[in-house]
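A.B. asks: Those sequence lines, one after another, are chains A and B.
Quick note, the first sequence lines up with residues 1 to 309 if you use my numbering.
Quick note, the second sequence lines up with residues 1 to 388 if you use my numbering.
Wrong hints could be hidden among the right ones.
Covered stretches of chain A (chain B as the covering partner; in silico rule of three or more C-beta atoms under 8 Å from a C-beta of chain B) [unchecked claim]:
(1) 200-210
(2) 214-225
Sample of chain A residues with no beta-carbon within 12 Å of chain B, all distances over it, derived [unchecked claim]:
(3) Arg21
(4) Glu59
(5) Leu110
(6) Tyr121
(7) Leu150
(8) Leu155
(9) Ala164
(10) Gly228
(11) Leu298
(12) Leu303
FYI, nobody ran anything at the bench for these hints, they're computed from the structure.
A virtual CB, placed ideally from N, CA and C, is assigned to each residue, including glycine.
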Amino acid sequence: MTTVAAQITPLDAAPPASRQRWIERLAGLGFAAPAFILLVLTNLAPLAALAFLSFTNYELGALDFSFVGLKNFGTALQDPVIRRSVTNTLLYVAIVVPGGVLISLLVAILIHRRKRTRALYEVIYFLPVTSTLIAMATMWQFMLHPTLGLINQALKSLGFAEAAFLSEPRLVIPTLAAIGIWQLVGFNMVLFLAGLSAIPRDLYEAVDIDGASHPIDRFLKVTWPMLGPTTMFVTVTTFITAFKIFDTVAVMTRGGPGGASEVLLYAIYLEGFQYFHMSYAATLTLVFLAFTLVFSVLQTFILDRRVHY
Amino acid sequence: MAGLTLRGIGKTFGDTAVLNNIDLDIADGEFLTLVGPSGCGKSTLLRIIAGLESQDRGSVSIGGTSVDHMRPHERRIAMVFQNYALYPHMSVFDNIALPLTMTRLSLFERLPLMRHLSLRRRRVMDEIAREVRVVAEQLRIETFFHRRPGQLSGGQRQRVALGRAMVRHPQAFLMDEPLSNLDAKLRVHMRGELTELHARLGATMVYVTHDQIEAMTMSDRLAVMDHGEILQLGTPADVYELPATIAVAQFIGSPAINLFPARVGSGGQIELLGRTLPIDVRNAPAPELTIGVRPEAMRIGGGPCTITCRLRRRENLGSESILHFDLVASPEVPVLCRIDNGMPIPEGEVTLAFEPRDCHVFDNNGRRIEVESRNAASRDVRRASEVR
Ligand SMILES: Nc1ncnc2c1ncn2[C@@H]1O[C@H](COP(=O)(O)OP(=O)(O)OP(=O)(O)O)[C@@H](O)[C@H]1O
Ligand SMILES: [Mg+2]
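In isolation and in its complexed conformation, chain A is listed as follows (with noise of 0.2 Å):
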């Protein structure tokens, strides 16, 4: 090998040094061109029709469409659709998030010390996340019916006073919100279970010999900054979740009543294959990628600095 090398560098006009770094350099965009190659064939080619199409009076079907500049935007800031959406979409992530991510805390710190019970308790709660919402929708519809409701029922008998959940334009949210975390608790679970495992058992026996023995103590010096990475994962993928909630809107309430449930993607899907708007719709489509970005964004740089890895 040597004596090869030998022989090549004084042919070679470039120096040495100068050349191994133009290989690697080459070299590394070779390592990450698939890569870049894939992100650009799945996310920003998609991306850039959905941005082109926004400028456009196109829709589906139509033979002929011409650009009509920010006019997609502007009708958006004025749609009372839209503006209800946002509204209720965000409601919607405020009750999920937190919602979503400390039951399933509290329920991981429950079942984890539990011996024999744990690997049942774990089944219990990840078969939500198992099932497909549609069937399950099905079920919630019978649980949530006014009067024949498994729900009501039980209100009714503890003298509590009967409630349209789906009907009632002001619980219909946080009755869909409660869904949500129904189905998002056993999925976090498994991660805080595995946050849970991976703290080291002579922490708190350390802090019991210190003299934390309290259960709050033990979870404020241990446990919880210990958890900083795992809860910073939950929170910005259960953030991500509850933003794209679609599947519950248009199954059980179809927006209503009255616009009461109408969400982002809901009104997405409506205008692009209802009324087949598609310029609209790839609008609405970007606005709701940027309120994802923003949010992501923020919540990493803002977690990110006061958690402990």
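Once you've looked at the hints, dock chain B with the ligands against the given chain A.
C.D. replies: Just chain B with the ligands now, kept in the frame of chain A:
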């Protein structure tokens, strides 16, 4: 500071008995080492003293009061863990201060947001900071107060763990293999520091190790354990010179002691490989014996007690060498001999000799037999020569 008393401690995990009826008295200010092979129950015993594990039988008292019903922190002991168990998200200062904040602030004052509401908290924290600084100066760690444990070297982490233990002025220090994660050189250094620390604090320390050099060099007394029992308890010199059982003799001393099968001969003397040694063993309970001779007691040459060996290899340790021999009569028995470098290295068949007084005799159950008064006499002679 206080002494510790263990009475009849027993512990079973599932159906394996890990500790059997352990009795142990540890004096106030004593450095006691629990030493033994892996899995013999040292950590379990230490954790029972700390209250991290509950015993099935027996009782633990610290400073004369029973602590069986007490939670770990109520026992007022400190523990240093093998991998330090420092809180990774807290600064060095906070790590050391934690035991004090836990005991001196109320739960309310410790809550994340409430802390700004309490006026008392300020005063208490100043006091704690002063005490932490005193400890940190003793351990020379005040320069990295604001670093996290992850940003420290192993030796520095070790010192922080010691600081966290010292800051409370505990009744006793419990240490579970605190040096085993350090490299060899640092371990020797920290060994010295711990010994000095013990002398300076005058603290009761219970130290777990499976490193017999640590056990020999640091302790006032050591307890050799195996299979959940204390085989022998005594000063390092006692344990080394008068091992109570074959297991103790094998465990303490490096390189390990040479063991030879022997029997009680016709005249009541030891018969070793067909030769009669001038050692009287008429008090042996059974004719089968085991003879132990430490490698440094072996020398090349003749005498009253000799064996014939063949050299297999030589290990050069610099100032001295360990010679590995096989017995000619039964080649599966290894024989080690420690000689100063500079002595000629023999070849082929060699006669190795040892003094009768260097001979440890064990009966068929592996227990030590006191042979005549020779051993005791020779010890007195050696002690006397050490004094001179
Ligand atoms: N929680 C437990 N459950 C079941 N068995 C255990 C438990 N803790 C320890 N043991 C068993 O008890 C025995 C003694 O363990 P211990 O940790 O006290 O050993 P040790 O002397 O400290 O060993 P080492 O030098 O390797 O640390 C071992 O056989 C171990 O397998
Ligand atoms: Mg151990």
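A.B. asks: Hint by hint, note whether the structure agrees.
C.D. replies: Outcome of the hint check:
1. Counting residues of the segment 200-210 of chain A whose C-beta lies closer than 8 Å to any C-beta of chain B gives 9; at least three are required, and the coverage claim holds.
2. Check result for the segment 214-225 of chain A against chain B: holds, 7 residues qualifying (beta carbon to beta carbon below 8 Å, three or more required).
3. No beta-carbon of chain B is positioned within 12 Å of the beta-carbon of A:Arg21; the least distance is around 33 Å.
4. Every Cβ of chain B is farther than 12 Å from the Cβ of A:Glu59; the closest lies at roughly 55 Å, confirming the non-interface assignment.
5. The Cβ of A:Leu110 sits about 21 Å from the closest Cβ of chain B, beyond the 12 Å cut-off, so the non-interface label holds.
6. The Cβ of A:Tyr121 sits about 24 Å from the closest Cβ of chain B, beyond the 12 Å cut-off, so the non-interface label holds.
7. With a closest Cβ-Cβ approach of about 40 Å to chain B, A:Leu150 is found to remain outside the 12 Å limit, as its non-interface label requires.
8. The Cβ of A:Leu155 lies farther than 12 Å from every Cβ of chain B, with a closest approach of about 36 Å, so its non-interface assignment holds.
9. No Cβ of chain B comes within 12 Å of the Cβ of A:Ala164; the nearest lies about 40 Å off, and the non-interface call holds.
10. With a minimum CB-CB distance of about 7 Å to chain B, A:Gly228 fails to clear the 12 Å threshold, and the non-interface call is violated.
11. Remark: the non-interface label on A:Leu298 is consistent with the geometry, its nearest Cβ contact in chain B lying 22 Å away (cut-off 12 Å).
12. Annotated as non-interface, A:Leu303 keeps its C-beta farther than 12 Å from every C-beta of chain B; the closest such distance is 14 Å.
Hint check: a violation occurs at hint 10 only; the rest are consistent with the structure.
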